[in-house]
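Asks: These protein sequence lines map, in sequence, to chains V and W.
Mind the numbering: the first sequence is residues 519 to 732 in the working numbering, read in order.
Mind the numbering: the second sequence is residues 519 to 732 in the working numbering, read in order.
Derived from the structure by calculation, the hints contain no laboratory data.
Hints may contain errors.
If chains are identical, the list can't say which one is meant, so a pair holds when it fits in one copy or spans any two.
Only pairs whose alpha carbons sit at most 27 Å apart, straight line, appear in this in silico DSS-like list of lysine-lysine [stated by the list, open to error]:
no., residue 1, residue 2
1, K601, K682
2, K581, K668
3, K545, K701
4, K706, K581
5, K552, K682
6, K668, K601
7, K683, K601
8, K668, K545
9, K701, K683
10, K701, K601
11, K601, K706
12, K706, K552
13, K706, K545
14, K552, K701
15, K683, K706
16, K668, K682
17, K601, K581
2 protein chains.
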Amino acid sequence: MIRNNLAILNIIEQYQTNKKGADVFLKTLEPGEKLLQQGTTLHYVYVIREGISKCYLTENNGKDFIFEFLGAGEIVGEIEFIKHTRCLCNIEALTSLTVYCITYDYFSQLIRINQPFNTLLLDVLVTRIYHTSERASYQQRYPAEYNTLKLLSLLAAHQIVLSKKDLADYLAVSIRSFNRTLKDLRNKSILHPEDFNLYMDKVELNKLLHQYED
Amino acid sequence: MIRNNLAILNIIEQYQTNKKGADVFLKTLEPGEKLLQQGTTLHYVYVIREGISKCYLTENNGKDFIFEFLGAGEIVGEIEFIKHTRCLCNIEALTSLTVYCITYDYFSQLIRINQPFNTLLLDVLVTRIYHTSERASYQQRYPAEYNTLKLLSLLAAHQIVLSKKDLADYLAVSIRSFNRTLKDLRNKSILHPEDFNLYMDKVELNKLLHQYED
DNA sequence: TTTACAATGGGACAAATGTCCCGGTTTTAT
DNA sequence: ATAAAACCGGGACATTTGTCCCATTGTAAA
């Protein structure tokens with residue numbers, strides 16, 4: 519659930535050390551700052567060097583939907599670059615964030631001239647389609663309880679603690695609903711992880727749930 | 519909602535006429551036949567020449583979720599090709615379907631050697647991410663009524679009549695729910711399309727709704 | 001320290017959605 | 001032509017989820 523891509527990071531880091539030009543440079547953001555603002559025009563493509571950010575969209579009714587949490591090596595702004603559009607979504611730093619800023623010209627060069635990079639980019643895009651589609655499907659076709667468990671088990675693989683608001687926005691439910699689900703799960707003395715296709719046993723599961731207890 | 523891509527179709531048609539080899543050949547499917555079966559291994563990438571198909575995933579609980587309706591020029595199987603995985607989803611013909619079958623070898627060549635094709639492919643992938651993400655967001659963040667109207671207005675732009683099951687699967691709701699929403703909408707004498715950001719007036723809207731009346 | 005403000009947790013109720021099921025219609029096979 | 005089977009719309013009820021609200025806790029600024 520927190521995406522990374524070290525291969526991309528490597529390529530960019532090589533290029534940055536090779537030529538210290540104005541083509542690739544670093545930028546730092548504090549938690550809460552936005553790298554991309556939905557609807558604005560972009561001039562760079564970014565690659566995250568360090569830190570975690572959330573990629574989300576704010577609907578007209580004020581509700582947010584989080585597409586992904588992005589970590590090291592993730593590309594940002596490539597959609598806007600390729601489609602020549604304004605930002606589809608917001609990217610906001612959750613931790614301190616360091617990103618490589620890549621000029622449009624240079625990124626365009628990379629795609630055309632650097633075959634391995636082109637291949638990596640195709641892979642990144644396809645991976646996104648895969649995950650976005652898969653999640654869109656199960657998140658709408660299974661009840662919140664199932665999705666909550668799935669989310670918690672994914673979260674357990676990372677150390678970071680995310681706010682409940684963010685978790686709820688990822689699941690596309692209200693905070694109230696999310697809290698209720700957690701409470702229900704805690705109260706269920708008999709939980710069969712295998713019912714949920716989770717790769718964890720009951721002990722692990724309870725550990726997870728009680729992380730979020732009072 | 520029914521995707522097309524004439525630029526891709528053009529390129530493939532040119533190549534097919536140029537060299538009548540075993541690299542690109544045609545295949546025909548009857549309505550109901552599957553071009554891709556979720557979980558199976560693929561050996562070709564396909565480009566739709568004519569007809570409409572649905573791209574959907576069947577969850578373990580038996581529920582389907584339709585990602586998209588694919589029309590002329592749409593690429594199928596490129597995800598499986600690039601990620602070396604088995605089929606993520608099903609592709610099923612809704613009308614008679616003619617597709618170009620492209621060998622993996624040849625597709626791989628196209629990507630590497632044919633710059634315009636590579637660019638088109640990037641554009642296709644990015645467009646998919648864009649639409650999938652946008653829809654995942656609003657479909658989960660707005661009530662069914664809003665989504666139903668949006669769907670009907672999109673549908674109006676095409677001539678094809680889709681089954682209610684397919685429309686419900688696209689919206690990720692039960693048929694019962696979908697029927698109920700249609701009924702409610704029909705009974706609302708005062709409907710303000712502008713409330714829903716729909717590009718149509720009240721007369722058009724009613725025409726739409728009564729298409730699906732008894 | 002005190003105050004203000006954001007984040008949290010959950011009760012009560014309303015609204016939305018799913019499940020089950022029945023009666024009517026259409027389709028298919030014999 | 002008739003019986004069996006599949007399809008369809010919707011009623012009734014259960015479950016899920018959202019909205020509104022208030023009390024509590026934690027945090028940051030004055």
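Asks: All the hints need checking, so say for each whether the structure fits it.
Replies: Hint check:
1. K601 x K682: Classified as neither; 33 Å inside a copy, 33 Å across copies.
2. K581 x K668: Answer is both; intra-copy 22 Å and inter-copy 18 Å each pass.
3. K545 x K701: neither (41 Å within a copy, 54 Å between copies)
4. K706 x K581: between (30 Å within a copy, 26 Å between copies)
5. K552 x K682: Cα proximity of K552 and K682: one copy only (20 Å, versus 42 Å across).
6. K668 x K601: between (33 Å within a copy, 24 Å between copies)
7. K683 x K601: For K683 and K601, neither the intra-copy (31 Å) nor the inter-copy (33 Å) Cα distance is at most 27 Å.
8. K668 x K545: This pair counts as neither: shortest intra-copy Cα distance 34 Å, inter-copy 40 Å.
9. K701 x K683: within (16 Å within a copy, 35 Å between copies)
10. K701 x K601: Intra 44 Å, inter 39 Å, cutoff 27 Å: neither.
11. K601 x K706: So K601 and K706 fail the 27 Å test inside a copy (48 Å) and across (39 Å) alike.
12. K706 x K552: Neither: 40 Å inside a copy, 42 Å across copies.
13. K706 x K545: neither (47 Å within a copy, 53 Å between copies)
14. K552 x K701: Classified as neither: same-chain Cα gap 33 Å, cross-chain 43 Å, threshold 27 Å.
15. K683 x K706: within (23 Å within a copy, 35 Å between copies)
16. K668 x K682: Cα proximity of K668 and K682: one copy only (15 Å, versus 31 Å across).
17. K601 x K581: The answer is within: 25 Å in one copy meets 27 Å, while 33 Å across copies does not.
Taken one by one, the earlier hints fail for this structure at numbers 1, 3, 7, 8, 10, 11, 12, 13, 14, listed in ascending order.
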